[in-house]
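Student: Construct the complete structure from the given sequences, taking the supplied hints into account.
Sequences listed follow chains C and S, in order. Using the numbering used here, the letters of the first sequence map in sequence onto residues 1 to 142. Using the numbering used here, the letters of the second sequence map in sequence onto residues 1 to 398.
Hints should not be assumed to be uniformly reliable.
[Unchecked claim] Below, computed lysine-lysine pairings styled on BS3-like, alpha-carbon distance capped at 30 Å:
#1 S:312 to S:217
#2 S:332 to S:398
#3 S:13 to S:112
#4 C:82 to S:153
#5 S:13 to C:82
#6 C:119 to S:153
To be clear, the hints were calculated from the coordinates, so they are not data collected in a lab.
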Amino acid sequence: MAEATAAAPELRPLVPHLTLGATREEDYLNGSVCKNCGTKYVGPRLFCAKCSSSGPFDTVKLASTGELHVYTIIHQATPYVKAPYIAAIVDLDGGGSINTNIVGIEPTPENLQFGMRLKMFTEKVSEDNEGNSYVAYRFTPA
Amino acid sequence: MREVAIVGVSMIKFGRYPDRDFSQLGAQASLEALKDAGVDMKQIEALYSGNLYSTSGSGQRILQQMGQTGIPVVNVANACATGSTAFREAYFAIASGAYDVVMAVGTEQMGKQGLLGSRGDPATSLEGRVGSYMMPAVFGMAGMEHARQYGTKQEHFALASVKNHFHSTENPLAQYQKESPLDEVMNSRAISYPNTLLMCCPTGDGAAAAVLCSMDKARQFTTQPIKIAASVLTSDPFTDRDLTLPDVNTLTRNAAQIAYQQAGIGPQDLSQVELHDCFATAELLHYENLGLCGDGEAGIHVASGAPWIGNKIPTKYQEDIAPLQDKTYKPKTTAVVNASGGLLSKGHPLGATGVANIAEIVFHLRGQAGGRQVEGSKVGLAHVIGLGSSCTINIVQK
Numbered sequence: 001m002a003e004a005t006a007a008a009p010e011l012r013p014l015v016p017h018l019t020l021g022a023t024r025e026e027d028y029l030n031g032s033v034c035k036n037c038g039t040k041y042v043g044p045r046l047f048c049a050k051c052s053s054s055g056p057f058d059t060v061k062l063a064s065t066g067e068l069h070v071y072t073i074i075h076q077a078t079p080y081v082k083a084p085y086i087a088a089i090v091d092l093d094g095g096g097s098i099n100t101n102i103v104g105i106e107p108t109p110e111n112l113q114f115g116m117r118l119k120m121f122t123e124k125v126s127e128d129n130e131g132n133s134y135v136a137y138r139f140t141p142a
Numbered sequence: 001m002r003e004v005a006i007v008g009v010s011m012i013k014f015g016r017y018p019d020r021d022f023s024q025l026g027a028q029a030s031l032e033a034l035k036d037a038g039v040d041m042k043q044i045e046a047l048y049s050g051n052l053y054s055t056s057g058s059g060q061r062i063l064q065q066m067g068q069t070g071i072p073v074v075n076v077a078n079a080c081a082t083g084s085t086a087f088r089e090a091y092f093a094i095a096s097g098a099y100d101v102v103m104a105v106g107t108e109q110m111g112k113q114g115l116l117g118s119r120g121d122p123a124t125s126l127e128g129r130v131g132s133y134m135m136p137a138v139f140g141m142a143g144m145e146h147a148r149q150y151g152t153k154q155e156h157f158a159l160a161s162v163k164n165h166f167h168s169t170e171n172p173l174a175q176y177q178k179e180s181p182l183d184e185v186m187n188s189r190a191i192s193y194p195n196t197l198l199m200c201c202p203t204g205d206g207a208a209a210a211v212l213c214s215m216d217k218a219r220q221f222t223t224q225p226i227k228i229a230a231s232v233l234t235s236d237p238f239t240d241r242d243l244t245l246p247d248v249n250t251l252t253r254n255a256a257q258i259a260y261q262q263a264g265i266g267p268q269d270l271s272q273v274e275l276h277d278c279f280a281t282a283e284l285l286h287y288e289n290l291g292l293c294g295d296g297e298a299g300i301h302v303a304s305g306a307p308w309i310g311n312k313i314p315t316k317y318q319e320d321i322a323p324l325q326d327k328t329y330k331p332k333t334t335a336v337v338n339a340s341g342g343l344l345s346k347g348h349p350l351g352a353t354g355v356a357n358i359a360e361i362v363f364h365l366r367g368q369a370g371g372r373q374v375e376g377s378k379v380g381l382a383h384v385i386g387l388g389s390s391c392t393i394n395i396v397q398k
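Tutor: Listed below in structure tokens is the structure:
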């Protein structure tokens, strides 16, 4: 029986709506637009929840800039995450709303204004037991 | 469809039962509901069992504790609306004419599990890395949408906790029966802005049950049958951000509209409401979703005293709350909200909640609610929302 060869560790996006480029500067958020009704989704889609069609869908690049819709400041977090931190919903320029962390500012309500401009960056955030690394996106004030 | 009556209800005290399992809690609640109804287990023609964590065979396991009569059992899971969905199935079983007497039971054993939704594989979990999906985050952000739109202050949200904790002191079945003045709520440990620890419901264990019967047969069992005037279930319709931040408002508004139409009443006719205050922020959103006040008025509605037992702010809290009031505001409804102490005090054993809040209203309609009795209560609305999302509204009346 052939010995199983260990796969080389990979760099993987933490979410399917993040497409990794050759460098972190080339990473981008991806989306899908339903050709039947025009609804823009974050990430890949097979079917449309709005018009109940199977599209088809155009795969599109989503903006890396947007504005703060709402936020919360998490003080009690899951064990592997450092608190406090800012969790937010960001409305991307040109459409699409996403969950994200806002970093680069102290997590206080005074530092956050609804509608404030934000921009995306990506970074490695974790590693699994096989040595694969995971990249996530975050937002910071623009 | 025929008229359906509630002829028996029960709720065991919510809390921690480390030495029992959910089926024993459910059996206790079921036997108490049967006793309350004066119905023998052999008269129950079908069982509808709500439990979220032990979905498979939850109802059979309850019957294996207290009555294996061989009847059909339907096990239901529908997020936080699990118990109320089981209740609605029981309602339809009678309304359709399929059965004359059935039981709905809701149970859950949660233990001290910490924050709901906080678990995941540390390597690949999105939690805390790509935003937060924990319930405290979802309802923190849902509250912030209201703050964004209407300028609602953290203090206004906190008043829901002040009120419900005050109500809980007269509810011996509540998990917590402790008052908390405004400064104590505001200064308790921060969990997920704007909600502090005292603005979050606890996890716990519990069970509740109801015996339902066709109205034409109800008087065999009781002199006080309670009519189910509406029983409604909705799911989340497509809205712009629902797939990113669950929209807890639209499906509640849809359910309320259908429920008021079914019952032939409006929010101004309600004596009381038990609504889904899993977090203090949620309570204010649902005042508006259920039509208890106008859009943007939730903060001044709770500060006005209208949703408090007796429709007024207790004297000892008046000074604290005065700065949050709008003296020109005239409440358009007088429904007391969460006389039980709400989920914030009573606890929220997921599958039990939806049956328990119907039981609470029945206690009031019968005049059995003791020190928290809503005087002259004639009609009540029980609302539950489960994330993912499902919403139930049941309207019950004398």
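Student: State for each hint whether it applies.
Tutor: Comparing the hints with the structure gives:
no.	hint	in the structure
1	S:312 to S:217	violated (40 Å)
2	S:332 to S:398	holds (23 Å)
3	S:13 to S:112	holds (17 Å)
4	C:82 to S:153	holds (27 Å)
5	S:13 to C:82	violated (36 Å)
6	C:119 to S:153	holds (28 Å)
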